[in-house]
Each structure stands twice: as C-alpha cells, then as structure tokens.
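For what it's worth, this note's numbering labels the leading residue of the sequence shown as 113, then goes sequentially.
Each hint should be verified, as a subset may be incorrect.
Only pairs whose alpha carbons sit at most 25 Å apart, straight line, appear in this in silico DSS-like list of lysine-lysine [said to hold, decoys possible]:
no., residue 1, residue 2
1, Lys288, Lys319
2, Lys150, Lys213
3, Lys254, Lys213
4, Lys254, Lys297
5, Lys166, Lys194
6, Lys171, Lys150
7, Lys213, Lys166
8, Lys254, Lys288
9, Lys171, Lys213
10, Lys213, Lys194
11, Lys254, Lys334
12, Lys254, Lys319
13, Lys166, Lys150
Since the hints were made in silico from the structure, they are not lab data.
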Amino acid sequence: MGRVVPHAGLFLHEHTHLVGAFVGQGHAVLRPLLRVTKAEAAAQAELPNAPIWKGMTFKGVVVDESEICVDRTWAPGGGPDKLGGNAGYVVVSFPAVTLGKPQDETCAGYAPAAAKAPTEVEVPSAVANDPGLLVSTTFGDKWPLTVPYVVAHCEDITVAGRHLQVATVVDAPDGKTYAANGTAKDHGNYLDIDPIWAANPGVSGLKINISPVIDAALALCK
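Using the sequences plus the hints, can you model the full thing?
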C-alpha cells in the first residue's frame, strides 16, 4: 500500500487513487494535486541530510499550470534559532520538476514573473517574404538566438560520395552568415554561431536548444 497524503480536504494515494468527498471531480482535481505532491516531495528531497532539517514540513500551493510554490516550516523548536516557524519557500517548475533557489518569506507573497508581451519585430521588406525568414516572436521562449530575426538557408552537398545538407543562417541586420549545423561547420567557410546563440537562463553554462532553427533551415532543402 502507498502512503496517503492529506491535502485540502482530499486524500491522495501515491498510486494516484483519489479518495474522499471530491472523488467525482476526477481528472481536473487529480492533476493539480499530483503536481503539489510532486513539488512537496522534490522540495524535501533537496534538503541536505543534516539534523537541522529534520521534522521540516512542506505545503505546496498552486501558482499556475507551470509552477507550484512550496512553503517550508521548521519543526517546533527547530531552525538555526531553535524557534521553529517559517523557513522560506521554493518554487517548483513543471513539467520538468525543476526547483528554484530557496527564498525568504512565504508563498503568500510570491507572484510569478509577469508574462511579457512579445515585442514586435520589424523586418525589412527586402527579406520579409523570404521563405527562410525566422522571427523570434514565432518561437517565443524557444528562440535560441540573441538577434530578433535571421534568414535560414539550406544547401545540398556531396562529400566523398555522401549526401549532406548544410544549414546556415544569415543575421540579416549585419549580413553575416553563421554555420547552424555541424555539416556547415565542417564543410563550409562560415562563422561560428556561438556569438549569437543565446544562453539558457535556467541552466548555467548551457545554451538554449538550437534544434528548431536547424530544423527550419534543413526543411528548405526538401
């Protein structure tokens, strides 16, 4: 049998059986509760194995479809001052179940970053109708470049009897052509795309996945 976790008048079985007065609400209720349970478990699992953390409790609050805020509370008489009480909160992002850095205060004071309206990108008429035009607003958060738009190109080549496709992008504002895929790097005299490849804001030292741009470029060869 799995552990039963009480939450907001419901009982959520770890094997996803929903018991209690609101069973009839089904899937619409189950999904948020499962996310809360996962977020609470993730916040607990993140703690170091040290006596100071023992007895801490966790209470998740649904922020929106992508975030659960988890309040942390010291055990009675716990914490660095042995006073118990609030131990800050962490925000858990879904679907990847990624934990943010612990913050002071409580979830009651947390508000998600306001969704930014996409900035309109002005594209010169010279490239506005180019089939390879890629604009940042089309990709949203998945846009992997630091420039607002580029023009993608694809070229079929043959190397040692092998059919290959060279994917490149032109930074239209400055006219420079960058290698988008490995074939372009190895078999063309193109600039490295790294200077205009955006850093991943959620993972230090990594870049945003550039596959959408490469795929769009390669599609031009078909």
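Hints and how they fare:
Distance check on the hinted pair: Lys288 and Lys319 sit about 21 Å apart at the alpha-carbon level, within 25 Å; holds. Proposed proximity of Lys150 and Lys213 is supported: the alpha carbons are some 17 Å apart, at most 25 Å. A distance of roughly 23 Å separates the Cα atoms of Lys254 and Lys213; the hinted pair therefore holds under the 25 Å criterion. Distance restraint check for Lys254 and Lys297: the Cα-Cα separation of roughly 23 Å lies within the 25 Å cut-off, and the hinted pair is therefore satisfied.
Annotation: proposed proximity of Lys166 to Lys194 holds, straight-line Cα distance about 12 Å (limit 25 Å). For the suggested pair Lys171 and Lys150, the alpha carbons sit about 11 Å apart, so the restraint of at most 25 Å is met. With a C-alpha separation of about 20 Å, the suggested pairing of Lys213 with Lys166 holds against the 25 Å cut-off. Distance restraint check for Lys254 and Lys288: the Cα-Cα separation of roughly 22 Å lies within the 25 Å cut-off, and the hinted pair is therefore satisfied.
Distance hint between Lys171 and Lys213 is fulfilled; the C-alpha atoms sit about 17 Å from each other, no more than 25 Å. Of the pairs offered as hints, the one joining Lys213 and Lys194 holds, with about 23 Å between alpha carbons and a cut-off of 25 Å not exceeded. About 23 Å separates the Cα atoms of Lys254 and Lys334, which keeps this hinted pair within 25 Å; it holds. Restraint check for Lys254 and Lys319: satisfied, since their Cα atoms lie roughly 11 Å apart, inside the 25 Å limit.
With a CA separation close to 19 Å, the supplied pair Lys166 and Lys150 stays within the 25 Å bound.
Hint violations for this structure: none, all hints satisfied.
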